[in-house]
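Novice: Here is what each chain is made of, one letter per residue.
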Amino acid sequence: MFRFGARYSFQIARNFSTKLNEIGNLVKQNKVVVFMKGVPEEPRCGFSNAVVQILRMHGVTYDAHDVLQDEGLRQGIKDFSNWPTIPQVFINGDFVGGCDILLEMHKNGELVEELKKAGITSALLETEGSLQDSPNKSKE
Amino acid sequence: MPYSEEHIKNKVTEGLKASHVEVVDQSDGCGAKFLVVVVSDQFQGKPSLQRHRLVHGVLEEEMKTIHAISLTTLTSEQWEKRKP
Numbered sequence: 001m002f003r004f005g006a007r008y009s010f011q012i013a014r015n016f017s018t019k020l021n022e023i024g025n026l027v028k029q030n031k032v033v034v035f036m037k038g039v040p041e042e043p044r045c046g047f048s049n050a051v052v053q054i055l056r057m058h059g060v061t062y063d064a065h066d067v068l069q070d071e072g073l074r075q076g077i078k079d080f081s082n083w084p085t086i087p088q089v090f091i092n093g094d095f096v097g098g099c100d101i102l103l104e105m106h107k108n109g110e111l112v113e114e115l116k117k118a119g120i121t122s123a124l125l126e127t128e129g130s131l132q133d134s135p136n137k138s139k140e
Numbered sequence: 141m142p143y144s145e146e147h148i149k150n151k152v153t154e155g156l157k158a159s160h161v162e163v164v165d166q167s168d169g170c171g172a173k174f175l176v177v178v179v180s181d182q183f184q185g186k187p188s189l190q191r192h193r194l195v196h197g198v199l200e201e202e203m204k205t206i207h208a209i210s211l212t213t214l215t216s217e218q219w220e221k222r223k224p
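Residue numbers (the working numbering), protein chains in the order written: chain A, 1 to 140; chain B, 141 to 224.
Everything labelled a hint here was simulated from the structure, so no lab data went into it.
Backbone N, C-alpha and C define an ideal beta-carbon position, used for all residues, glycine too.
Just to be clear, a hint being listed does not mean it is correct.
[Said to hold, decoys possible] Some chain B residues near chain A, calculated using beta-carbon distances under 8 Å: (1) Leu-189; (2) Gln-190; (3) His-192; (4) Met-203; (5) Ala-208; (6) Ile-209; (7) Leu-211; (8) Thr-215.
Full structure from sequences and hints, please.
Specialist: Encoded structure:
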């Protein structure tokens, strides 16, 4: 009985650390990674939707993971980043924040800077730039 | 367990020595979705991420049941500028 219990808890501990390792890899697979409720095409929560809309405005391509599809991921990502809520945004493997912080960064221009650091040019900048110099210049 | 606006307000005010706290229950009464504005000088010199973490820390117990919280974290100086 005791042995069974010990083995069982060992199993849980191992699953837990495997999940955190898995998330550690996930956040590095793309420059921008989002953990959200639903998928970008169909967000299942207003906060997740806000993040999707902000990233769309900046023309960012990103990996999205639906925490509603995986209870282990839903809890795992909270433990991984020590952040209690979803959505969660990662840029260059670093946790950036949730919906409020991303919105704030969008408003004060920090998001454009963070994306630049990751080697991504925000679509908002490109629109401004092309308006200023040559509007007909085709993009690569 | 559902929480009241009053409960959240008292806890945040005390925990962060906040000079001003606004709490709005947006859950239609289920007590698990809140909009919170906190003005505290403990935020001075800290980026948003750290400010939000401070608030999460104070509400650690409550965050287990609160499923959505929208945070605005300001220093007194920022709050003064915001006022009309």
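Novice: Any of the earlier hints contradicted here, and which numbers?
Specialist: As far as the earlier hints go, 2 and 8 are violated by this structure, in ascending order.
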